[in-house]
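**Q** Residues per chain, in single letters:
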Amino acid sequence: MMKSAPLLIGLSVLSLFSGCSREKREIIILTGSSTVAPVVTDAAKRFEATHPGVRIEVQTGGSSRGIADALSGLATFGMISRDLKADESELTAHRFAIDGVGIILHQTNPVTDFSRQQLIDIYTGKVTNWKELGGPDAKITVASKAEGRATLEVFLGYTGLDSADIKAGVIVGENQQAIKTVVADPNAIAYVSIGAAASEAAGGTPIKLVRCDGIEPTNENVAAGKFPIMRPLQLVSHGEIPATARDFLDFLTAPENADLIESHLYVSLSK
Amino acid sequence: MKSPVSRRNHRRFSDLACGIVGAVAASLTLVVLGCIVWDLLRLGLPHLSWLFLTGEVADGGRSGGIGPVLVSTVMIVVIALAVAIPPGVGCALWLSEFVRPGTVPARAITGGVDLLASVPSIVFGLFGMAFFAQVLGLGFSILSGGLTLACMILPLLVRTTLTALQSLPVDLRPSAAALGLTQTTTIRKILLPAALPGILVGVTIGVARSLSETAALIFTSGYATRWPDSPGDSGRALSVHIYDLAMNIPNGAAAASASALVLLLMILVINSFASFLAERWLRRYHS
Amino acid sequence: MFLSRSDRILRGALVMLALLSGSVVLLIVWFLVAGALPALRDGYLPRLLFDEHWQPGSARDPQFALMPMLAASVLVTALAALLAAPLGIAGAVFHRFYLPKRLAVWNQRMLELLAGVPSIVFGFWGLTVLVPLINRLHPPGQSLLAAGIVLALMILPTIALTSQSALRSVPESQLLAAAGLGMGRFATVFHIALPSARSGIGSGVLLAIARAVGETMAVVMVCGNIAKFPGSVFDPVRPVTATIALEMGYASSSHKALLYLAGLILVLVTGALTGWLAFGKRNAGEVS
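Residue numbers (the working numbering), protein chains in the order written: chain A, 83 to 353; chain B, 83 to 369; chain C, 233 to 520.
These aren't lab readings, by the way, just hints derived from the structure by calculation.
Where a beta carbon is used, it is the ideal one built from N, C-alpha and C, also for glycine.
Hints may be right or wrong, so weigh each one.
[To be verified] With a Cα cut of at most 20 Å, we get these calculated EDC-like pairs of lysine to aspartate or glutamate:
#, chain 1, residue 1, chain 2, residue 2
1, A, Lys127, A, Glu338
2, A, Lys208, A, Asp219
3, A, Lys127, B, Glu361
4, B, Lys271, C, Asp467
5, A, Lys249, C, Asp293
6, A, Lys221, A, Asp247
7, A, Lys127, B, Glu138
8, C, Lys333, B, Glu361
9, C, Lys333, C, Glu404
10, A, Lys208, A, Asp247
11, A, Lys213, A, Asp203
12, C, Lys460, A, Glu229
13, A, Lys249, C, Asp283
14, A, Lys221, A, Asp195
15, C, Lys460, A, Asp244
16, A, Lys308, A, Glu298
17, A, Lys249, C, Glu284
18, A, Lys127, A, Glu344
19, A, Lys221, C, Asp467
20, A, Lys127, B, Asp141
21, C, Lys460, A, Asp247
22, A, Lys208, A, Asp295
23, A, Lys249, C, Asp467
[Said to hold, decoys possible] Which residues of chain B face chain A? A few of them, derived with a C-beta cut under 10 Å, are:
#, residue
24, Val252
25, Val322
26, Pro332
Between the sequences and the hints, there should be enough to build the whole structure, so can you do that?
**A** Laid out in structure tokens, this is it:
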């Protein structure tokens, strides 16, 4: 049996490769932000169903990967969850959704809204105890996002701070981590995507979104432009894009596909 | 001099103490595993069904199933094992049978293998992306993922096989030589079968590691959720699916937990099967 | 040593396999060096060593301190090893010498399951179960301690399973001889079995430590990610792997080169440490 084992293994490996040949198909490649990837994947499935002969490949790797791949031509579109920077002007951005960024607290925290200045004071360490804001006598655990994240950039833009000014107690990566941080520590404060937070709160997670400068953090207010902190979800491209790719762009912003974007709790731009 | 009675009590005490510490350690494992599995069952059990195991991924993974993901995962693990076992076992054989320990070649190879063990998983992912996907041109594919995983589990296989070979009874090799057997025959018919249980430990941990690894696979086998036609296609692994559902998809917790339960079940099945095979194999050599 | 023809062919094949195994790491190191070159050329190395904070994205005061993160990697790994090694070895002793056969098989399956729990699941469990517990003791909860405990749980199966295997390989004859001499179970374990299995157990601990240093996903969720030297086990820390994981996907190209350099330094430092440990093992009289 030992003699035939290598042969058997070899044959089974070779049989794995039998499906290698593929018919000619038009391929659209998108790489980048893992925030944008899930909704684009769903849209791609729906698009492929009505456009046979087109195959859409979605890969993650972060917004900067999206930019790099779009520039180098490795991808048809890059997926990014922020605005283009000044040194990325070669690229064209196609916005298809917005994600509001709201402040969350633990459900048991009595504070219900912040002014912009209060936020600045908390995040720069000037205010360190909840009792200064009408809450319990406990040290505030300040949660901020890691460097380079769009949510951080947007927060910095709103507060006018520099990342070196923030005195955080905990730093998180994804939205879910921020939400779970607040659940674990009733004295924590964090900023996350409004859609994700609203959905979690509705599902029973003990967090709540709080008003910022008196404005309710809801997707409706974001869509109406009333809520100040938000970031765009965009596809970026470099130069000419093929007709099918343009069709996909239109598909993303079409009103009948707004449900896809809303099922991922972002604000569709088609309305 | 201690009286016989106090010496016996002392012996019983240390035996008991050792047993208690050991029992605490074993029960700690049980408690933590139970806690984790309980949470997974609570959230994920309602979500499990035959449709879940075979269906396509839909709505980001929240509905539908994990059929394509399972296929991709199995392919990735099979490739990883098939690629890592020959060099792993071969390197260990060379180190234990053909070279004296402490010599420069032995130390260099052992050092290289040990250093490989401490490379961070995310670096493996980035390396896999640059080397297998880009330089070798394999792109985002199950093959890239499997090859990257193979690099990750290689040190494990080398070390466990080496330990297994070195722990063999010391009279085995001289007896074989006295019988006039060549080293090739000795290795094939005597050493490897005898060392099989130890090698199996390495394979078992290697399988567990392959299934639980996330960072290395996100950048290599990728994100795709369609049924893979071949190893050249991109196909996300189960651990990547769990990660995406838990972190990036709102309300994905139920599907993530269900997927994690399936993953644990896979490990149980694979390991039980592997030890069953090993026992049958060994019975042929020991009966 | 006279080698027949088949032996010479086998040796040739095995040499190639061994060379392959040993040189994969060279490829990876070269890849890291290539990625880190821009950062080295731009003179970031002294900043990595002597700056105080890690704020690479700041427009006002960019700083690039690597040392707090290297210290965190070492501390978290050391804590995890200190927790996992005694427990894993004790558990293995219990499995081999105290448990009846039926229970022993279940114990093994349980450990294999624990070994396969995805890192993200461990991370979430840590964040939802462990961190709130620690928070009650001392906020914020995400801390060196949390990371150490979660990592210890992740490497425990490796240590336990390899130690079990090593203890199983202790020659039956030695155990019988000990019994014949009237040694009790504890004495046999402590004075005969453990020393005999020392090499295998050491290998397992080494593998586990290497794994702990490189673990990324689970650690990021529970360590707090504050890049400062910790004052106590309750302080948040940020190991190097956490930084790479958090920032790589969003980094500009110069920032990326910095992350590669950080990764390279981590691999080299870890290599030096594990090499020193392995050297110590060999000097203790074991086969490497």
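**Q** Would you mind marking each hint as holding or not holding in the structure?
**A** Hints, verified against the model:
1. A hinted pair counts as satisfied when its Cα atoms are at most 20 Å apart, and Lys127(A) with Glu338(A) qualifies at roughly 15 Å.
2. A threshold of 20 Å between alpha carbons decides the hint, and for Lys208(A) with Asp219(A) the separation of about 16 Å falls inside it, so the pair holds.
3. Between the alpha carbons of Lys127(A) and Glu361(B) the distance comes to roughly 46 Å, so the proposed pair goes past 20 Å and is violated.
4. For a cut-off of 20 Å, the pair hint linking Lys271(B) to Asp467(C) is broken: about 56 Å separates their Cα positions.
5. Pair hint Lys249(A) plus Asp293(C) holds up; C-alpha atoms about 14 Å apart against a cutoff of 20 Å.
6. Using a Cα cut-off of 20 Å, the hinted pair Lys221(A) and Asp247(A) holds, with the two alpha carbons roughly 19 Å apart.
7. For the hint pairing Lys127(A) with Glu138(B), the CA-to-CA distance comes to about 11 Å; that is within 20 Å, so the pair holds.
8. Note on Lys333(C) and Glu361(B): the hinted pairing holds, with a Cα-Cα distance of about 15 Å set against a maximum of 20 Å.
9. As the CA atoms of Lys333(C) and Glu404(C) are separated by approximately 16 Å, the hinted pair is consistent with the 20 Å bound.
10. With a CA separation close to 11 Å, the supplied pair Lys208(A) and Asp247(A) stays within the 20 Å bound.
11. A threshold of 20 Å between alpha carbons decides the hint, and for Lys213(A) with Asp203(A) the separation of about 14 Å falls inside it, so the pair holds.
12. Taking the CA atoms of Lys460(C) and Glu229(A), the gap is near 15 Å; set against the 20 Å cutoff, the hint holds.
13. A threshold of 20 Å between alpha carbons decides the hint, and for Lys249(A) with Asp283(C) the separation of about 17 Å falls inside it, so the pair holds.
14. For the proposed pair Lys221(A) and Asp195(A), the alpha carbon gap of about 18 Å is at most 20 Å, so the pair holds.
15. Simply put, Lys460(C) and Asp244(A) have alpha-carbon atoms about 19 Å apart, close enough for the 20 Å limit, and the pair holds.
16. Pair hint Lys308(A) plus Glu298(A) holds up; C-alpha atoms about 9 Å apart against a cutoff of 20 Å.
17. Only pairs whose Cα atoms come within 20 Å are accepted, and Lys249(A) paired with Glu284(C) is accepted, the gap being roughly 14 Å.
18. Of the pairs offered as hints, the one joining Lys127(A) and Glu344(A) holds, with about 16 Å between alpha carbons and a cut-off of 20 Å not exceeded.
19. About 14 Å separates the Cα atoms of Lys221(A) and Asp467(C), which keeps this hinted pair within 20 Å; it holds.
20. Between Lys127(A) and Asp141(B) the alpha-carbon distance is near 9 Å, which keeps this suggested pair within the 20 Å criterion.
21. Distance check on the hinted pair: Lys460(C) and Asp247(A) sit about 15 Å apart at the alpha-carbon level, within 20 Å; holds.
22. For the hint linking Lys208(A) to Asp295(A), the alpha-carbon distance of about 19 Å falls within 20 Å, and the restraint holds.
23. Taking the CA atoms of Lys249(A) and Asp467(C), the gap is near 14 Å; set against the 20 Å cutoff, the hint holds.
24. Checking Val252(B) against chain A by beta carbon gives a least distance of about 25 Å; that is not within 10 Å, so the hint is violated.
25. With its C-beta approaching chain A no nearer than about 9 Å, Val322(B) sits inside the 10 Å limit, and its interface hint holds.
26. For Pro332(B), the suggested interface contact is upheld, since its CB lies about 4 Å from the closest CB of chain A, less than 10 Å.
When each numbered hint is compared with the structure, violations occur for hints 3, 4, 24.
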